[in-house]
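Heads up: the protein sequence lines correspond to chains F and U, in order. Heads up: the first sequence is residues 1 to 112, going by our numbering. Heads up: the second sequence is residues 1001 to 1113, going by our numbering.
Treat the hints as calculated values from the structure; they're not laboratory data. Ideal placement from N, C-alpha and C gives every residue a C-beta, glycine not left out. Among the hints, a few may not be true.
To be verified - Using 35 Å as the maximum straight-line C-alpha spacing, the simulated DSBU-like pairs for lysine-lysine come out as follows:
(1) F:K9 to U:K1067
(2) F:K14 to U:K1056
(3) U:K1100 to U:K1067
(4) F:K9 to U:K1002
(5) U:K1100 to F:K57
(6) F:K57 to U:K1042
(7) F:K9 to F:K57
(8) F:K71 to U:K1100
(9) U:K1002 to F:K57
(10) U:K1067 to F:K14
(11) U:K1042 to U:K1100
(12) U:K1002 to U:K1067
(13) U:K1002 to F:K71
(14) F:K9 to F:K71
(15) U:K1100 to F:K14
(16) U:K1056 to U:K1100
(17) F:K57 to F:K71
(18) U:K1067 to F:K71
(19) F:K57 to F:K14
(20) U:K1002 to U:K1100
(21) F:K9 to U:K1042
(22) F:K71 to F:K14
(23) F:K14 to U:K1042
(24) U:K1056 to U:K1042
(25) F:K71 to U:K1056
(26) U:K1042 to F:K71
(27) U:K1067 to U:K1056
(28) U:K1002 to U:K1042
(29) U:K1002 to U:K1056
(30) U:K1067 to U:K1042
(31) F:K57 to U:K1067
Claimed, not checked - Pulled from the structure, derived: some chain U residues nowhere near chain F, Cβ distances all over 12 Å:
(32) K1002
(33) E1003
(34) S1012
(35) V1013
(36) P1014
(37) R1028
(38) S1049
(39) G1054
(40) T1062
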Amino acid sequence: NAGVTQTPKFQVLKTGQSMTLQCAQDMNHNSMYWYRQDPGMGLRLIYYSASEGTTDKGEVPNGYNVSRLNKREFSLRLESAAPSQTSVYFCASSYRGNTEAFFGQGTRLTVV
Amino acid sequence: QKEVEQNSGPLSVPEGAIASLNCTYSDRVSQSFFWYRQYSGKSPELIMSIYSNGDKEDGRFTAQLNKASQYVSLLIRDSQPSDSATYLCAVRREYSSASKIIFGSGTRLSIRP
């Protein structure tokens, strides 16, 4: 049982390059989330999704796009990476209702 | 004002003592409350959830919720060096079409031998 799987684990980009972070869960969860974590900032919500085909902006959506491809997968795209997007990115998923989120192992992204 | 606020610490507590972590939230309609522990370089892991006013105990951990004061706390009894980590408070709100989970900035806890 893999839980929430993120790829890649590490990535270095040059300013202006694009990339997609992949996330998949095998727990049959409805909701999925993308967070970024910077030193001293906790986890900040970028986008979230309640179901396939629906997405909503979180606290810090600028510079990102997302796609909920199906119930299992939720991808995060950086169209033109900037040094300010250097961060650790976490994907998470949960059931509907008052339940907790389960996290992937994170992607450490550096933009130079 | 951030939706979820925590004292960033670091909070230093002697081994065997009680560690007290606090969190306030701004959205009165928030429905679920969570405490996560995060070790350096690792993913957050859930240690406690609480949904109604009062106390909830699980081993050495007690979560306390006061919705009127919009306040959540976590007590760790008999603190151990392995409890040294960052503790994240999280608040969940359900909407008609979706739910979102917002985190505080975390409190760094250090247990000194």
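Evaluated hints:
1. F:K9 to U:K1067: violated, 38 Å
2. F:K14 to U:K1056: Violated. K14 of chain F to K1056 of chain U sits at ~48 Å, over the 35 Å cutoff.
3. U:K1100 to U:K1067: At roughly 18 Å apart (the allowed maximum being 35 Å), K1067 of chain U and K1100 of chain U satisfy the hint.
4. F:K9 to U:K1002: Holds - the C-alpha atoms of K1002 of chain U and K9 of chain F are around 29 Å apart, at most 35 Å.
5. U:K1100 to F:K57: With Cα atoms ~10 Å apart, K1100 of chain U and K57 of chain F stay inside 35 Å; holds.
6. F:K57 to U:K1042: holds, 25 Å
7. F:K9 to F:K57: holds, 24 Å
8. F:K71 to U:K1100: Holds: K71 of chain F and K1100 of chain U sit about 17 Å apart, inside 35 Å.
9. U:K1002 to F:K57: Judged against 35 Å, a Cα distance of about 16 Å means the pair holds.
10. U:K1067 to F:K14: violated, 46 Å
11. U:K1042 to U:K1100: OK: K1042 of chain U and K1100 of chain U at ~22 Å, within 35 Å.
12. U:K1002 to U:K1067: holds, 17 Å
13. U:K1002 to F:K71: Between K1002 of chain U and K71 of chain F the Cα gap is close to 31 Å, so the pair holds against 35 Å.
14. F:K9 to F:K71: Within the cut-off at roughly 22 Å; holds.
15. U:K1100 to F:K14: Cα-Cα ~32 Å, so holds.
16. U:K1056 to U:K1100: Within the cut-off at roughly 23 Å; holds.
17. F:K57 to F:K71: Holds, because 18 Å separates the two Cα atoms, which is no more than 35 Å.
18. U:K1067 to F:K71: Between K1067 of chain U and K71 of chain F the Cα gap is close to 33 Å, so the pair holds against 35 Å.
19. F:K57 to F:K14: holds, 26 Å
20. U:K1002 to U:K1100: holds, 15 Å
21. F:K9 to U:K1042: The hint holds at about 12 Å.
22. F:K71 to F:K14: holds, 32 Å
23. F:K14 to U:K1042: Holds: K14 of chain F and K1042 of chain U sit about 25 Å apart, inside 35 Å.
24. U:K1056 to U:K1042: With a Cα-Cα distance of about 26 Å, the restraint between K1056 of chain U and K1042 of chain U holds, given a limit of 35 Å.
25. F:K71 to U:K1056: Holds. K71 of chain F to K1056 of chain U sits at ~33 Å (cutoff 35 Å).
26. U:K1042 to F:K71: Judged against 35 Å, a Cα distance of about 25 Å means the pair holds.
27. U:K1067 to U:K1056: Holds: K1067 of chain U and K1056 of chain U sit about 14 Å apart, inside 35 Å.
28. U:K1002 to U:K1042: Since the Cα atoms of K1002 of chain U and K1042 of chain U sit roughly 24 Å apart, the hinted pair holds (cutoff 35 Å).
29. U:K1002 to U:K1056: Within the cut-off at roughly 26 Å; holds.
30. U:K1067 to U:K1042: holds, 31 Å
31. F:K57 to U:K1067: Distance ~26 Å between K57 of chain F and K1067 of chain U Cα, so the pair holds.
32. K1002: violated, 9 Å
33. E1003: E1003 of chain U is in fact no farther than 12 Å from some Cβ atom of chain F, at 8 Å.
34. S1012: holds, 17 Å
35. V1013: Non-interface label stands for V1013 of chain U: nearest chain F Cβ at 20 Å, farther than 12 Å.
36. P1014: Holds, because the least Cβ-Cβ distance between P1014 of chain U and chain F comes to about 25 Å, which exceeds 12 Å.
37. R1028: holds, 16 Å
38. S1049: Given that some Cβ of chain F is not farther than 12 Å from that of S1049 of chain U, nearest at about 6 Å, it is violated.
39. G1054: Given that every Cβ of chain F is farther than 12 Å from that of G1054 of chain U, nearest at about 16 Å, it holds.
40. T1062: holds, 17 Å
Of the hints listed earlier, those the structure fails to meet are numbers 1, 2, 10, 32, 33, 38, in rising order.
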